[in-house]
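Asks: Each chain is listed here by its residues.
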Amino acid sequence: MKRRTYLKSGGAAAIAGLAGCLNVTESNDATTADDTTADTTTGTTREPDEPLTVATYDSFFGDEGTAGHWLKRAWEAEHDTTIEFTAPANGINEFISRKKQNAGIDADLFVGLNTGELVRVDEELPDARLFDTVADDLSHASRIKDSLQIDPRRRALPYDTGYISLVYDSTDIAEPQTFDDLTKPAYEGALLAENAQTSDPGRAFLLWTIHEMGEDGYLDYWQDLVANDVRILDDWQPAYNAYLNNERPMVVSYSTDQVYYHDEGQLPHHQIGFLNDQGYANPEAMARFADTNQPETAAAFMDFVLTDEAQANIAVNNVQFPATTTADLPDEYDQYAKEPPEPVTFTYEELAGNLDGWINEWARQIASS
Amino acid sequence: MDKRVGAPDSEQLAPAPARALLLGTGLATLLVLLVVFYYPVWTVFENAVLRDGYGVFSALTDPLAAVTPDVLLGVLSDPFFLGAAHTLFEAPLRVPGGAAAWAVEFLATARPALAARPPFVVLVHDAGTVDFGLFGFTAYQAVLSTVLSVLLGLPGAWVLARFEFPGRRTLKSLTILPFVLPSIMVVAGFVATFGQFGTVNNVLAWLGLGRVQMLYTLEIVLVAHAFYNAPLVTRMVGTAWENVNANAVETARSLGAGRLRSFTDVVLPQLVPALAASALLTFVFTFMTFPIVLGLGGLRLATVEVWLYASVNQLDYETAAALGTLETAFSLFFMYVYLRYESRRASSGTGKPLSRERLLSAGSLRDWLTRGGVGAYGVVVLVVFVLPLASMVLASVGGLSDPTLEWWRMLVERQAGSRTQPSVAVRNSLLFGLGALALALPMGVVVAAFSTRGGRLRKLGDTVLMAPIAVSGVVVGFGLLQGLVFGVEIGPYRVSVVGPAVVVMAHAVAGYPFVVRNVAPMLERIDSRLVEAARSLGANRARALWDIELPLVWPGVVAGAAFAFAISIGEFDSTVILAGENAYTMPVALKRFLVDKTAGPSIGPAAAMGTVLLVVTALSFVVIDYVGGRYRP
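First to last, the protein sequences are chains A and B. Under our numbering, the letters of the first sequence match residues 12 to 380, in that order. Under our numbering, the letters of the second sequence match residues 0 to 632, in that order.
With a cut-off of at most 25 Å between alpha-carbon atoms, the simulated DMTMM-like pairs for lysine to aspartate or glutamate come out as follows:
(1) 596/B - 345/A
(2) 156/A - 353/A
(3) 596/B - 87/A
(4) 351/B - 366/B
(5) 111/A - 367/A
(6) 596/B - 343/A
(7) 349/A - 191/A
(8) 349/A - 180/A
(9) 596/B - 275/A
(10) 596/B - 74/A
(11) 83/A - 580/B
(12) 156/A - 343/A
(13) 349/A - 319/A
(14) 111/A - 51/B
(15) 111/A - 45/B
(16) 596/B - 320/A
(17) 596/B - 350/A
(18) 156/A - 339/A
(19) 171/B - 366/B
(20) 111/A - 317/B
(21) 596/B - 105/A
Just so you know, these hints were derived from the structure itself, not from any lab.
Make the full structure from the sequences, and use the hints.
Replies: Okay, here's the thing in structure tokens:
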């Protein structure tokens, strides 16, 4: 934030010094204007020592063993620019609101965008450009799997993907084969799911049921699930915690679960269930903010993320699958991270205009049942 | 420090500066409130009441054109939100018919059920099937939560006020502890305690009674609400009980009243106001509940706050603003009722407290029965309060079945230069807590001093000043983000507020109402002749406050300080938004450790951090009570 045109005029500095918490900028800062073109020449104005600020989510970075930590170390070994991560509490919503209020974007790129969030960005900001198109400048962008592309305008580039699946305890119940199985008496009171309003895997599971049952049929299907006593908790942590406490034998989770639980004793308690032989793909993408003042470095970093070495390390450290066709996973990891026979997902076009309505209808039905 | 009225040095202080100090503190309080509370909250509410494109100033100049009821009415006439009551707003003329239909529906469901099951069970289960709507259900669970909290808290007040036993004072200061515990940890503790294979069920199974499904029911949500609020009842009623004047009781007894009669006629009337006040606070808190409901009950038990949070998440600001406005109006109404109750709390003096019985010695059969009752209550306390906390501590060492020091080792490793260092979190929490305390105490005392001065609109003004309690955390956090973190345009500049200072201010604003609520009633009880005497001897208003009133209300100040500190330590929503990347507190660190990918899907690291939080805050409260109890200004 300080790197933006920071007024050093007496008055402003005095106020800032007094409270230690005030930040005063010119409100017509060129970087916040909506019509800024992705003019790469603005790169000349940046200070050389300025770090590249990457906005992402909490668990992406931090310590040894996270994808972000590896990226930062590997990047900084070869480049002069340092990487600074930040995780705003409201994720992409924070930047949407900032853009709306003309409050200035204090990051250079966003990492961890999914299709629904990108749809929201475009619906909330029809006239403003939060991200700009970058794919054409990158040498490694062509390696991304076509099935994972989430952005028709090629701003957001996928860097990994997870598959939503069921995780079940095979010592307690048999594997459910189809969506209809879940509504049968054998699975009464068995399933833990997450709230689609507030949780990523919860939303992905809801979308999977809509993909399967159709826009007109999914609410009826969920009515049957509710009748069969499905439980919808607010997020993945409490749901998974309840699963670990043997509260219920089945939970909506990720198909990489066995990466954590592959001991002989644990394996039977952590089986992956692909309903209808499917898994719902939830690609994670990165995009460059149109307001960045170091667009070249941001693009170079995105290209770096797509190199084979980075792809393999991100996948393993983030417990996901790579987004490119050429990355090679270590055998050990490959063995326990399961990919569904048939990955399904909704495209950007299919979600646009529908997503919030679908989620709202669903939540109203659950809450009033 | 123990200055007396008319002591020579009281005249050395010139009246003007002291008066200016009082006035200055008052103005500063208003300014802080304006910046960190009223303005941010307004930015949320304006979405619900103003037409597009209208701002505060245009609304002031032409309210008729700017204000629109559309958004509020949209929510009010939606059966999803108001249930059967939505007809009140959708078609007011049809209301008698609608109300009749609702009553018929209610009786039809409740009557057959009443024949088969006890009333409480019917109330919890079958009344829930009537179409209450989201607001109705929220109020309904809040009423039940309040009843349970009072039932669970009252015996505690009795034990703490009437018995003497080793550790009584420590126990009393610890009653505030549940207040600071992050809900994520409490949910985990409750799952481990009351789950299908939790401690309680294991004991039941061992006794051959079979396992009971307790999670995902309204009942367990109510118990969790009692976990948070019963200690509040205990604390407030217990303090009132300790302030009952023993002389009055002895007089009643000497006039021939029995134990029971003297209790109902003398003691009880003095407890009722505190009881009503704590019950109202509990109602307001549980009305605005959210993570507990989602974590232990799930989406099927959704409350207004759950919907509000989801609306904010989907950037549906209109719905969020309408829900926030209605919720706040509702809570403010109850705050107003609460304040009216509180003003009747006057009368009793603090002269001679009732003597306490020794808990650990008993003579008569009656004594033994009482001790038995206390023992039974102790078991309940153990199950509801101690077991969930013990479960959390146990989770930090991997549980009984799979003991490990891995998570504690991880905390130590994090200490060596990581994004989130435990000691930094502890330090920040304590510093912010002390900062918030330093701000909230003068703010609270000054507001209390002004509010006891009377005036016609006083209760209304008080209600507005109490608003930080009545506005939901989601609304405040969201308003702070939009109004302060993003900044406001002042002329050609955009001024935004970031960093630790604003966190401290936000915490102080959230905490100061508790200082006011603890100090104002005691201030009101002070014999005005004492203050008049001091003033006639030359002390100015500020001097009288410092030398006469403050020492007399000191127990209230200490209690308020504990609350203000507790709020600061436990606050999560606005802290995580305001503090940015580096000014993290213990709850923020806990949340980060919860999603730490390197630890896998385990609550171990968060449980370890939660244990640290538990120990640090428990020690802090004992210290506040110990130091505060001895210190007199």
